[in-house]
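Participant: Note that the protein sequences, when read in sequence, are chains P and V. To convert, note that position 121 of the first sequence is 121 in my numbering; the numbers rise steadily by one, no gaps. Going from the second sequence to my numbering is simple: count from 1 and add 1000.
Keep in mind that the hints are not guaranteed to be accurate.
Stated by the list, open to error - Where chain V lies over chain P, by a calculated footprint (3+ residues, C-beta under 8 Å):
1. 137 to 144
2. 147 to 156
3. 297 to 305
Derived by calculation from the structure, the hints in this document are not laboratory data. Quick caveat, the model's predicted, so the values are computed rather than measured. Built from N, CA and C at the ideal position, the CB exists for glycine as well.
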Amino acid sequence: MKISAFHLMPYRELPADFERRYESVWVTPPWWELADARRVGQYYNWTLDELLYAAKCGFDGVCTNEHHQNAYGFMPSPNLMGSVLARATNGTNVAIVQMGATLPTSNPPLRVAEEYAMLDCISGGRLVAGLPLGSPMDVNLCYGITPMEHRERYREAFALTLKAWQAREIFSWNGRYFQLATVNLWPRPIQEPHPPVWVPGSGSISTFDFAVEHDVCYCFLSYSGARSAKTMMDGYWRVVAEKGRDLNPYRAGFLQLVVVAESDARAEEKFARHVEYFYHKCLHVPGVWFSPPGNQDYRSLVATMANPVRRAENPKNLRYRDFVEKGYVIAGSPATVRDRLKEEVINGLHVGNLMVLLQIGSMPHELAMENIELFGREVLPGLRDFWDDGRWVNHWWPERLRQSAAPVAAGLAAGGA
Amino acid sequence: MTTHVQTSRVIETQERTVSVWQDRVRIRVLSKGRGPALVFFHGPWGLTWDPFLDELAQSFSVLAPAHPGTTPDAHDDVYHLDGLWDLVLCYDELLEALGIRDAAFVGHSFGGMVACELAAAYPDRARRLALIAPLGFWRDPDRIINWMLLEPGELRRQIFRDPECDAARRMFPRSEEQDSSATAARVRMVWAMGTTGKFIWPIPDKGLKKRIHRVKAPTLLVWGREDRLVPPVYADEFVGRLSDARVQTVADTGHAPHLEQPATVARAVREFLGQ
């Protein structure tokens, strides 16, 4: 089992009536009305401190990700964050999990290949290379990529990246979207043939196929918890079997929101409003923006329109206890959290690479640190050995870190936490 | 190039599918009427034969192609086109296949832009141009609303001055539980927006300003006075650049004046094209 700390870096102090006053948390929230650059500087540093603290508390990896023009999570450049994390965790067994730089918006996408190679070199071969498609809000709305070209660009950029890392000879790339006469990457990653690749998704069937065909780890980034992900992930494992791959649980990653306290009741007292802030404000986006015309291919469009059955319920109508009851958030005492994670997520979805979101919405720094510390001390040790029966190898984890049962965190740089 | 003709259920409206682009792009063409050739390029919400086209068919031989990707059972053909230049060449091939040397071009919204681009690329192919609320330019103070990002109800209110008019009801059939025809209509509309959006995302200014001076055809611009998507002020961009152009605004209509007031708009277009 590998367990990583995930971070979005949200704006933690949106006004109470945010979702009623503004159109969206993404693309159009007015910076000058809502935000303050000095405060944001503090957020970035807290975010880094929280992730480094997770590294110190025994997590196997730390995750950053890329989003644009929003107050939901704004690390426009995950690699700037990742580079700080890589440097500060040298001497440890913590993986730098970039979830990651968005290929279709990097032009040329070779920039992602280069920066990931840099991170792998700086970290001494501890990079996990997440290669996401990017959300339509980021890619189509903020960065101007035509929805109909989004997936095509991604596939071409993905192939170019993998080739650029591995090619022994200088090559030319005469693609549909990218043309490069002389590709000769400097630097190359330490890990051979290349760093492990994770492809995050939100349940699109075409991404399942892509992940299995390319033999990468598919990560379901869901905010609706394991119960509603069950059908989706069962579908993924069906594709894995159909395409003749083994059912290695490390082929799957899953993101889960978690809050831990001394008791279930105490968890509600401490975290309820931060969880509600996340679901009510940080996910406040008009529905059609998630799928602008052309972003889905025709087949998927027909399927989605014909089966609105699985339309997610509106989280704005739910409160903390609903989120916990439905498993959107796993909350409570260490025992409650450990048991639910085991049963619903790890075993229920057959997941080997677990990511947990521990700073949620408006959660202040001190509280986030408590959540991280308690999870690391009381929950993580009880999960670490899962899948550790010698049957499965985590091919999707940096090779030199696969065996480490407990990361060595003593070497953390002084500025880290 | 192959042509396949069949008579559709709509009386007198002919339907054929023409293959262009080395048979990779199939385009369904609806046609009706007698007289000089008139090619109608539809807007971002797909092609349907409507009362406006019926009016035109009284004086013209109307040919209405479906933009690539919007022909039934040829949805993925649009992936063979990389950009506007490919699209314009495709339409040149289509006219060739239909045996049309020149014609009157009429276009609505996205189709107006296509008609104008075609007339700029092949000035001798366009005898006269009638452009209804065409795209093609961008003014920072008058930003065009991206209709692809609107919920259906809001889209309806933005297209039509009166969202309860008959044309609006036809374009947005009421969705009942398990109503497969309403679902099919929504799929057609979303896919039409996606395929036409491929050529104009994220800003529908793809360089017409560099090419429009090549247009030789006298041009009529028709604009709904209450167009909320592409404000009537955009007519100035065309008139200022075309050597022979005039504007007719239509009261009490929005971005689809030919659907909200088919008789009025058809009369204006027929008069202009018949001159």
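Participant: State for each hint whether it applies.
Facilitator: We went through each hint and held it up to the structure:
1. 137 to 144: Check passed, 3 qualifying residues.
2. 147 to 156: holds (count 4)
3. 297 to 305: holds (count 5)
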